[in-house]
Every structure is written in C-alpha cells, then in structure tokens.
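Enquirer: Now for the letters of each chain:
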Amino acid sequence: MDDHGVADPDRVPSLTPEDWLRIYRGMVLIRVMDERLMALQRQGRIGFYGEARGQEAAVVGSAAALAPQDWIVPALREAGAGLYRGLPLRTYIAQIFGNANDPASGRQLPCHPGTRASHYVTMSSCIASQLPHAVGMAWAAKIKKDNSVVLGYLGDGATSEEDFHVALNFAGVFRPPVVFVCQNNQWAISVPVAHQTASPTVAIKALAYGFPGIRVDGNDALAVYGAVKEAVDRARSGGGPTLIEALTYRVSAHSSSDDPSRYRDERITETWRARDPIVRMRAWLAFQGFLDAAGDERLRADLDAEVRDAVAAEESVPAPPLRTLVEDVFAEVPQFLADQLAEIATLPRQKLGGAHQ
Amino acid sequence: MPVWNIIQAVNDALRIEMRRDPRVVVLGEDVGKFGGVFRATNGLFDEFGPDRVFDTPLAEAGIIGAAIGMALYGLKPVPEIQFADFIYPAFDQIVNELAKFRYRSGGQYPAPVVIRTPYGGGIRGGHYHSQSPEAYFVHTPGLKVVIPSNPYDAKGLLLSAIRGEDPVIFMEPKRIYRAAKGEVPEGDYTVPLGQAKIVREGSQVTVLCYGAMVHTVVEAVEKVAAEGFDPEIVDLRTLLPLDSETVLASVRKTGRAVIAYEAPKTCGYGAELSALICEKALMHLEAPIARVAGFDTPFPYSLENEYMPSPDRVAKAIRDTASF
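Going line by line, the protein sequences match chains A and B. Under the numbering used here, the first residue of the first sequence is numbered 1, with each subsequent residue one higher. Under the numbering used here, the first residue of the second sequence is numbered 1, with each subsequent residue one higher.
These are computed hints drawn from the structure, not numbers from a lab. Only a predicted model underlies this, so the values are computations on that prediction, with no experimental measurement involved. A portion of the hints provided could be inaccurate.
[Stated by the list, open to error] Below 25 Å or equal to it, Euclidean Cα-Cα: the simulated SDA-like pairs (lysine to any residue) are:
(1) A:144 - B:74
(2) A:142 - B:284
(3) A:142 - B:21
(4) A:144 - B:51
(5) A:144 - B:48
(6) B:33 - A:169
(7) A:142 - B:47
(8) A:145 - B:197
(9) A:145 - B:52
(10) B:280 - A:144
(11) A:144 - B:197
(12) A:144 - B:284
(13) B:197 - B:284
[What the hints assert, rightly or not] The calculated label-pair distances, taken between Cβ atoms and stated as ranges, are:
(14) B:165 - A:19: 33 to 43 Å
(15) B:165 - A:144: 45 to 55 Å
(16) B:96 - A:352: 19 to 29 Å
(17) A:308 - B:282: 51 to 61 Å
(18) A:340 - B:266: 44 to 54 Å
(19) A:88 - B:43: 45 to 55 Å
Even glycine gets a Cβ: it sits at the ideal position worked out from N, Cα and C.
All chains should be modelled from the sequences, with the hints used to inform the complete structure.
Expert: Here you go:
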C-alpha cells in the first residue's frame, strides 16, 4: 500500500475482514501499551521499557503469518507478536513488574516475556544469540517430522554479530523450516545501519548463504504479512529458510534509558512518523469498509481499558518469594544452593530492585 | 568384562543411549562419517544415520546454539567441541544462553544439552590443543561440570549426564583417552553425578584431583608410599555439584590437603577447593593447603612437562605437607 493506505487489490493477500481487523487490533494494542508503559516508566513505577512504536506492522504482520503450532524466537521488540498469538497480557505485565505472577519469577529485565503455551521463547538481552536457537528448533522440528515453522526475529544491529552469520550458514546448509525476520529500524541505539554493514540491504546477505532474501516495506502490514506468509509456506513444505528484511524506522528511543536527540536528526524521524503503519492500516481498512471512525475509537478505548486493568491488577502483586532466588538454576535445587539461601533466610529482607531502585 | 579405554567407553555410552532414547542426537565437527578426530563417535553415523548424527559447519557457536534450540524443542543433543581450546567461540552461547535458559524462563524452557569436549595437556599440542578451561564453567551458575578419569566412570557418568535434565560440560581427559584402560561392563549402568571416589585410602594427607591428573597423583603416591607416607587420594569426578561431604570428611580425617590440577593456578578450581576447606575445616588443618597446578602462563609446547604438575612435583608437595 502507499503512504495513504491505498493498495492494489490484486496484490492484497487473501484474508477475511475479521483477520485484517485482528491484525489491526494487535497493532493498536502495541501502541496503547507502549504509551501506557512508557508513562509508568517515567513515573518510576517500572524499571525499564522498550517501545515498538512505528514498527507495529512488522511485528504483527509477520506473526499473523504463522500457524498455531509454529514458534517465535523473539528479539527485543516483538512482545506484540507474542500477545497476538496468545501470550496473556496479564502475564506480560506481570513480567514487566517482575512480580510473583511472572512465570519467570521476576528474574529478568522488563520486556523479556515468554511462555511455553504461547510458543514464545524467553529471550536473553544478548544480540543475535537467539538465531542459532531458532535454527536448532526448526532443525528439531524437521528431525521429528513435525509440521511446524520457527520464526526468528532480529534487528539490523544483530546482522553484525557472529551468531547471525552462524545461524544463517547453518540454516543454508541444513535447510530447516526457519524464517528470519529482520526489523531493520535503521538504528542500533545510536549507530545507524550504514555503520553496521556496507551491504546495500540486509536481505541481500541471504544470497551468500544460499537462500532467498526479501526486503519489504515494514510499515505496510499487508506487505509484511504477504512476504512472511510466502516464506512460512515455503519453509513448511520443505523449501528451506528465508531472510525477510522489514524496512522500518525506530521513531522513538531505543529504550527508556536512551535519548536519540543526542545523536540523530529528528527531522528524518518526523518523515517516518508520517508513514505511521497504524494510520496507513486504518486508512486501508476504512477504504475497504471494514472499520469506521466510531469502531476505531471503540477499539482504542477497549484496549486502553484492558491495559489499564492489567496494570492495576499486576502492580499490587507482591514480589516473588525468596526461594525463587535459587530455583530453576537446575532441575532440582542442589544442597549447596539451599545452603546459600539459608545464609540469608533469617536476615531482614532487602529493598526490591527493579522499579523500586 | 571387556577391558576398554576411555574412547571406547564414551563411544559405548553414546551408542547405548541413542538406542534407548530416540531424542538423543550427536552433532559437531567431523563427528559423522569420520567418527570424530579422536574416534569417540565412531560408527554412530552408520548405525543411526544422518537424522541423528550431524557433521556441522566449522562454527562452535553454531554447534552449541543449534543444540540449545534442539533441546528447547525436546531433543537431547550431545554436541562435541573438538578441543576444549576451541570452545570459546561458543562461550556466550554456553554462559548466557545454555546456563540461563531454565532460570530465565522459570523452568518453562530447560535446555538439557551435554557438551563433550576433550581437554588438557601432555599431548604435545601447544597453546591451542592443551587447555583446561573447567573453572570458567564451574563459575557459571546453571552448568554441571563432569571430568572422568577412567573408562568405567566415563561411561557411567556420561550416561547419567545425558539422562539428567540439566546442561553438562563433560570434559574428557585426552592425554589418557587411550592410555587409561579398565574393565567396563558392556550393558547399561550409571555413575551418579556429584559423587567423588576415594581412589586410595590413607591417613596422613588428602590429595584432591580429577581427570588426567588422577593418574599423575597415583604415580606420585606410589613413590611417596614407598618412602613410608600414607596419602588418601580423592577423585572428584564431578566438579559441580561438588561432593563436598567426601572432600571435607577426608580432610578432617587427615588434617592435610594437597590439590593437584593442570589449569593455571590462579582462580583455578583448586582455589575453590582450598577456600572450601578453609571455611569448613580450618580447625582440622595441621599444615597449609598446597596447590600443585599449571603455571599462570599460556600453555607451552616444548616445556609442557615442566608446566604441568609432574609426579615429582606432586610427590614433593605431599612430602612437604605431610611433614610440615
């Protein structure tokens, strides 16, 4: 579609109006959530937050191309993909607060959710290290003759890491059902993509590894969905991996700890804000007659209430119990860890970290 | 009962477990058709085929990273890193990913990968075929670290490691891969992780060791025993979780401790053992703890036998400690 939401009808992937509205809902949820959670961070109520603002089409358009049995191996900005595929919002908010409801017992920085049920793998903060896992999971699916595909996400900065090259090389050699989606938002904190690579595109790198690479307008949900669906279908039918570069722009900061006005020309950011994927998708939906202004208002109000309710419910949940400090290091807590915990058990409890620091 | 070397014992353990559990797969450099540069995976490709045994591209981070992904998906990968010296490209995958997956996901995504890797000097291998990097992995919460010293333990410990639910760094003493021979039951048996073995009972001084160094210590003890000394030898077998009960009971009995390890001395595993003894058994000590270790230098080529603790060096430490 163009910047005003006009698309060639012959090239629009075949989905029902309900499907497109569901994708739009997933995109708006990210926006509403980002606004609310950044505000909480600024108020000191959560410790950290990383927005996906302006990248909603790349996140949800790609996730929508997966079947229920497929898996997501995410990077930092794909929580919206998890939510779209069944990661409960309350579970995500619990992770952000690091409270007792977090399945991982508050062990990680906010924006690192994951549940087995939603097929959304719990990420680390390391860059590109998840990509060999995506290859290994897809490889295992192939060995077990499962019919599932694994989607591995990355950013443009990750293309400089050795794990990116290792993963693409293994994928090219063993041809497991894996699809890599690079959200090229053109900034790795303060470093522009031109300083990450001298390649004219990210997509072109796939050719050297022996499989297709495709660049797509990352702010166009229709285009992202279409490109990823084609790659996922090919992977599922034994056709091997694909690298998809969704070209977008990080219109906000890297994270709540960052200030982009110190290192980039924000006039360029404004030109990308004008290509807002949500505005474009809403215009397209309106042209099709799938969504009117009142419906859009209602959707936003509903999602805002959903996020506020989840925040209100999770903010009052207490911190994880002390024993979680030593659980899950191994399958069973070994004696030496039980002994270490016993050393502090009778001492006064310390202040919580994270949001309360 | 057949008399096997460590290679044959490791090979047999892999075969037994691959027959028993279809989730077990083997991957690494040259492990397929060639059967591994040390032949530890010999015959597995022929028996289990290209869907269970994989020759990978030459990239350690890819081997371990892909193995982690396989484990997340429910397989039980046993990757081989050809030499422990080459494990560092996979260090981030091991330390930040493998070791932390269970913890960071609240137990939802365990990654039970058993990494086999030959370690240690004494084979005229120079800097890059001789290192003993066990301390890095013991220092990484979430990993178990196992180092057998003989064929019987190698088979039983490897079977335990693969059947467990935790990631294991399984370091194989390549200097004695073929030299250490012993009776090995042909069938299925396990040696539990976390249990040390008293190789020789003695009353006078405890000598703590593991892996290839056990054989150096045995040689040293034969010398000093002939002179009238009576050392006790403890083969740790598992460095993490450590069988601290056996270690401390022995030291409390003898009142003296010598620790032999071939890694660089500073912050090596012997430092941890020494600290443990000081914390838990100081009042039983009748002599300073002695560490006999590699030098704090890169591993040398021509003078490797001076670098590594020799039977003479260990024997001297035992005499000095016992007579303090």
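Enquirer: Verify the CB-CB distance for residue 96 (chain B) and residue 352 (chain A) against the hinted window 19 to 29 Å.
Expert: holds, 24 Å
Enquirer: Holds or violated: are the alpha carbons of residue 33 (chain B) and residue 169 (chain A) at most 25 Å from each other?
Expert: It holds: about 21 Å lies between the C-alpha atoms, which stays within 25 Å.
Enquirer: Holds or violated: residue 197 (chain B) and residue 284 (chain B), Cα atoms, limit 25 Å.
Expert: holds, 21 Å
Enquirer: Is the distance from the Cβ of residue 165 (chain B) to the Cβ of residue 144 (chain A) consistent with 45 to 55 Å?
Expert: Violated - the Cβ-Cβ distance for residue 165 (chain B) and residue 144 (chain A), about 19 Å, lies outside 45 to 55 Å.
Enquirer: Please work out if residue 280 (chain B) and residue 144 (chain A) have their alpha carbons no farther apart than 25 Å.
Expert: The given pair, whose Cα atoms are some 49 Å apart, is violated under the 25 Å limit.
Enquirer: Given the hinted pair residue 142 (chain A) and residue 21 (chain B), is their alpha-carbon gap at most 25 Å?
Expert: holds, 18 Å
Enquirer: Under the criterion that the straight-line Cα-Cα distance not exceed 25 Å, is the pair residue 144 (chain A), residue 284 (chain B) satisfied?
Expert: Roughly 56 Å between the alpha carbons, so the hint for residue 144 (chain A) and residue 284 (chain B) is violated.
Enquirer: Evaluate the given range 51 to 61 Å for the C-beta pair formed by residue 308 (chain A) and residue 282 (chain B).
Expert: holds, 59 Å
Enquirer: Quick one, are residue 145 (chain A) and residue 52 (chain B) close enough, alpha carbons at most 25 Å?
Expert: The given pair, whose Cα atoms are some 13 Å apart, holds under the 25 Å limit.
Enquirer: Checking one constraint from the list: CA of residue 144 (chain A) to CA of residue 197 (chain B), max 25 Å. Satisfied?
Expert: violated, 40 Å
Enquirer: Is residue 144 (chain A) within 25 Å of residue 74 (chain B), Cα to Cα?
Expert: Measuring from Cα to Cα gives roughly 10 Å; hence the hint holds.
Enquirer: For residue 144 (chain A) and residue 51 (chain B), compute the direct alpha-carbon distance and say whether it is at most 25 Å.
Expert: Answer holds: residue 144 (chain A) to residue 51 (chain B) is near 9 Å, not above 25 Å.
The structure fails hints 2, 8, 10, 11, 12, 15 and 18 (numbered hints given earlier, in ascending order).
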